[in-house]
Structures are given as C-alpha cells and as structure tokens.
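Listed here are the chains, written in short residue letters.
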Amino acid sequence: MKHIFQSTSKLLVATSLVMSLGASSLLAEVKDKFEVSWTIYVGWMPWDYAQQKGIVDKWAKKYDIEIDLVQVNDYIESINQYTSGKFDGCTMTNMDALTIPAASGVDSTALIMGDYSNGNDGIILKDKKTLADIKGQGVNIVELSVSHYLLARGLESVGLSEKDVKVINTSDADMVAAYTSSEVTAMTTWNPQLSEIMSNNKSAHLVYDSSKTPGEIVDMLVINTETLKDNPKLGKALTGAWFEVMELMKKGDEKALTFMAEASGTDLAGYKSQLDSTMMFYTASDAVKFATSDELPATMKKVSEFSFDHGILGDGAPDANFIGMEFANGKTFGDTKNIKLRFTDTYVKMAADGKL
Amino acid sequence: MKRLMNLKPSKATAVFLGLLPFFIAGMFYIIASDIRLAENPTDKLLPSLASFSEAIDRMALQPSKRTGEYLFLNDTSASIQRLGLGILISAVLAMLIGIPLGFVPFVRAGFSPFVAAFSMVPPMAILPILFIVFGMGELAKVGLIVIGVTPLIVRDLQQRVAEIPAEQIIKAQTLGGSTWTIVIRVILPQIFPRLFDSVRLTLGTAWIFLISAEAIAATEGLGYRIFLVRRYMSMDVILPYVAWITFLAFLFDYLLKKITYKMFPWYTAGKENE
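Sequences listed follow chains A and B, in order.
With the first letter of the first sequence counted as 1, position 259 gets the number 394 in this note's numbering; the numbers rise by one all the way through.
With the first letter of the second sequence counted as 1, position 184 gets the number 196 in this note's numbering; the numbers rise by one all the way through.
Think of the hints as simulated: they come from the structure by calculation, not from any bench.
Only a predicted model underlies this, so the values are computations on that prediction, with no experimental measurement involved.
A few of these clues could be false.
Partner residues aside, some chain A positions facing chain B, computed with beta carbon under 8 Å [to be verified]:
1. N215
2. T234
3. A238
4. Q272
5. N275
6. K301
7. S330
Heads up, the beta-carbon is just placed ideally off N, CA and C, and yes, glycines get one too.
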C-alpha cells in the first residue's frame, strides 16, 4: 500500500509539472518563437495574406525571430486560448479585450488598431422600419458581444433601454438560418451574416448600424504586455508586416484582395462591400491618429460601463473603474494600480516614421 | 482458485477504490489550479475552490441583480422540463413506431430501411431545416431531442420485438389471439421494461442534444448559461454547472433503474442488483 501512495504522489508531482508548463508562456521571457492566433473577419484577413505570402516570415526574419500565425475557427475560443496563455497574441475587438483577457488579469496591449466597424454591425427588424418599433420584441443576438453593446447604444438613441426588449442568446453561426424562422422578428448581428440576411430577405430592414457609433467597435491585434515588453522585436515585425499589406490594399491590389476574399469565403465584390462598411486605417499615420485620439478613451469608458452593467468585468469588480486602461496619449481610465489593457501607438508610430 | 479474477474486494475496500479516482482527479485539479493562480491570481481557467463556492452562492442562493430571479433554479427547471418532455415524446413515439416495425412484416418491409437510414442523419447538420420546421422557441429544443433520440430507441425496440421467441407468438395464436390482442397482451408487457432500458441508454445522447439546442438560441437553461459565460471564461460558473449536469444525469439513470426494478420485478429477477 505504501508503495502505491509513494508512486501516486510521484505521479501527482510529475503531472502537475507537466500541467504547469502549459501556463509557462504567461511568464515573461525573451523568446525567438511566437504564436499569434487570428480568426476570419473582414478586418483581419490581411493577416492571412501576410502569412500565406511570406510577408510575416520576411519581417520576422528581419528581426531574427519566428512568428507563427494560427487560424482558429471559433472566435471566442481563440481569445480564451490567448487568455490562458497558449498564444502570445490574438485578434479581437476592444470590448472583448477588456472583458476576456483584461478581466482575467492578463495584462494586454493593443498593438495595432487596424480598423473600426463602420456599418459592419447592425440591428435588423423584420417588416418594421424604425428602430423604435423594436420595443417589446425578442431580439436574437450573441449575448454579451459587441452586438449587445451596439443594441444598447441603439436603444439609448431612441430613448429605450434593454428592459424594453427581450434578448435571446443565439449562436452567430445560426443567425442566417434563424432569420428564416417565423418567430424571429428582430436581430442584431455582424458581417458577413448581416449582409447575407439583408440581401436575401425583402422583409429585413436595417434600422441601426455601427456607422452611427463610429470608432466604438475597434478590431485590433492584442499582444500579451509582458511578452511585448520583453520582445519589442515581435511588435516591430508584426507592425511591419501589417502595413506592408495595408499598402497593397490601399492601392486596391486586386490579387491581394481576391486572395483575402476567397479565404473569407466570399468573392471580390462581396469582400469589397464588406470593406466599405469597415473603416480601415490603410496608412500608419491614420492608425497613429486614431490611437492617440480623445475619442478612444471616451469609447472605452462607455464600453467599460456597459460591461460592468452586464456583470462581465469579473466578479471582483465593484464598479466600472475596476480595470485600469492606459492610452497612447498618456490618458488613463479607472484604477491606475490595476492597469490591464493598454493602447499603444509606439509601434504604429515607428511604421509611420519609416523606422521599422 | 487464487487468480486475480476471483479475488473480491471487501465492502470497505470497494468503497475506498471507488472513491480513489475522484480523490486523485480532485487533487490534480487543486495542484494545477494553485500553480496557475500563483502566476496570475485572477486566472479564470482553473479557479480555486473558494471561487467555486462564491459562484455557487451568486448563481444559486442570491437572486439575480438584474431580474430578481434565482438563475440556477431557473436554468435547472427549464432544462429538466425540456429534457423530460423530449424523452417522454421520444419514448411514446418509439413505442408507436418500434412495435409495428418489429412485429408486422409489411411495416418492416416498408419502413425499416428508411428508419435505419434516418437514424444516421446527424440532426446538428440539418439545423437550418429544423429552424424552419420547429421555429426557434421551446418546440425547437424539445424537437431536437426527439429527432436525435427517437430513432435510437425505435431501432432498439424493433430489435427487442423481433427477439421475442416465436413459440410465444405461435402459442398465443393457437389460443385465438388476433394481431392486435397479441401486441397488447404479449408484446407490450414484455417491451415496457426494455423501453426503460433503452431510454436509460439514450439519456446521455438526450443531454447532448439539449445542451446543443440551448447553445443555439435560448434565454435560460443549463446549456445556455454555460455557453453564455464561456464568452468571458467564467470557469468558476461552468465547472459547478458541469458537475450539476453530471449529477442530474446520474440521478435520472438511477431513478429509471429503480423504477424498472419496482415495476417489472420479473424482468430484473436473476439479474445482479448492482
């Protein structure tokens, strides 16, 4: 019996050592191999192009590191994996960066704010034509997502609140099919589902979209702050690769755009129409301007308040100021002793100044 | 004969051996959780036992700040209602389809290949069709369970009916039984306990479909809550919910077994009461 206990305790120690390895990437260290995850979305397709065409490799080689961009099929899962330390970086929106990694205590930095949604997210009503008609309806939505935030902003704009509607949590993968069901009368979703529903259903009316809240839903590349601090090369290589692709997109390079369109499951025309409702920062100086603007802290304040109201800032959060945020223009929001989300212009500025 | 296969543990040893894997799994969890929490005190992947009890307190014992309802209670009752209704409908349908399939050659010839093929269709792959047929409400969730589970029970019952000894059927016919009387008096009583067995075996599948249905579109339910809080990785809520679902599934299985013993003592006679 004694033997069994001894060997069991050995096994326990061994296994916990193995399990702790999984968490090791949370530790700060100088590394030369990095993994960054991305998911399919109009504003993140440049990452796929940069990876497939060797642009990332080229920049990584310049700084003597290796960067692996990993596509993850499930958006939330990719952020969860990043948060638990599996990836060094991940693409996500400003709200998810606050409520998932930052709220989980993982200090994160928005390295590149690549675009904001300028109509990519919207509220659809079936057969009704104005947003105020939403009162009393059930709204199919991915609960606690940017859609939920947009819905709250929309309701606010017509003097309603969330109490006036019934939120029905619905998987984003099933939105298009769900719209065909007769029970579904209102919906908030994003592209490509949004344009898919709008173009195939005459009953669908777009009553509100993110172009009415410009700059509030930001799509960005987030890197673990410790990792970035210890490995500025990673930030430089990624930023360099990003703006090389931006250059192509700005010129309207049909080959590059077609590649991105096909990789995201649409065609060139479809991809271009999605780009129309996306405010891309094609030049580094535009990205710098956005990162240092006064609107960004104001937006994040709203997002933080929304998140707190919905209980997604973490259980320990006594108020919306619980998680501190630091902005590129030196402003901060919330608890400066608990800064977990940072917006930086250091690297995009280097790109703008041609110093990469 | 002193062989491993003949050695039986005493009652106390059996209990100890039964609990040991649970204990070891628990220890693994606590150690791994401690390691992660030492690195990042707000890590959400493997929360400490204290955060579990906080989460349970918040979900089960305090009314929700936003709605004033007890979320855990609401989720549980919504899910159990869907599951119960789904299983009940499946069982009744399976009886109605399985007995003729197994007993009447003409029905079997006509429908058996179709049922065999239909039972292989993964319901999750044809969701959009199910949305249009059943809508997005409660009906859809119960419908998904019924579609997923009924074919499994039907095929099992069909097999069981076909296994009833031919002698019995012939004997009943010599006594003047019509097809209908034989179904009611010979087949049905023997099939009932097998239906219970079959339902027990498909309970796991039913849970899977319930959770999936609640993940797709819902406003409450155990699966809904798990998929909702997964958005911000609240494992402190998810893991107790998983434990609760496991317990409920175990409980239903146990109750069904007890009911079978109680209602059909002849069926279980001779079987070891584990």
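Verification of the supplied hints:
1. N215: holds (5 Å)
2. T234: OK, holds: T234 (chain A) within 8 Å of chain B, min 5 Å.
3. A238: holds (6 Å)
4. Q272: violated (13 Å)
5. N275: holds (6 Å)
6. K301: holds (7 Å)
7. S330: violated (18 Å)
In this structure, the hints that do not hold are numbers 4 and 7, in rising order.
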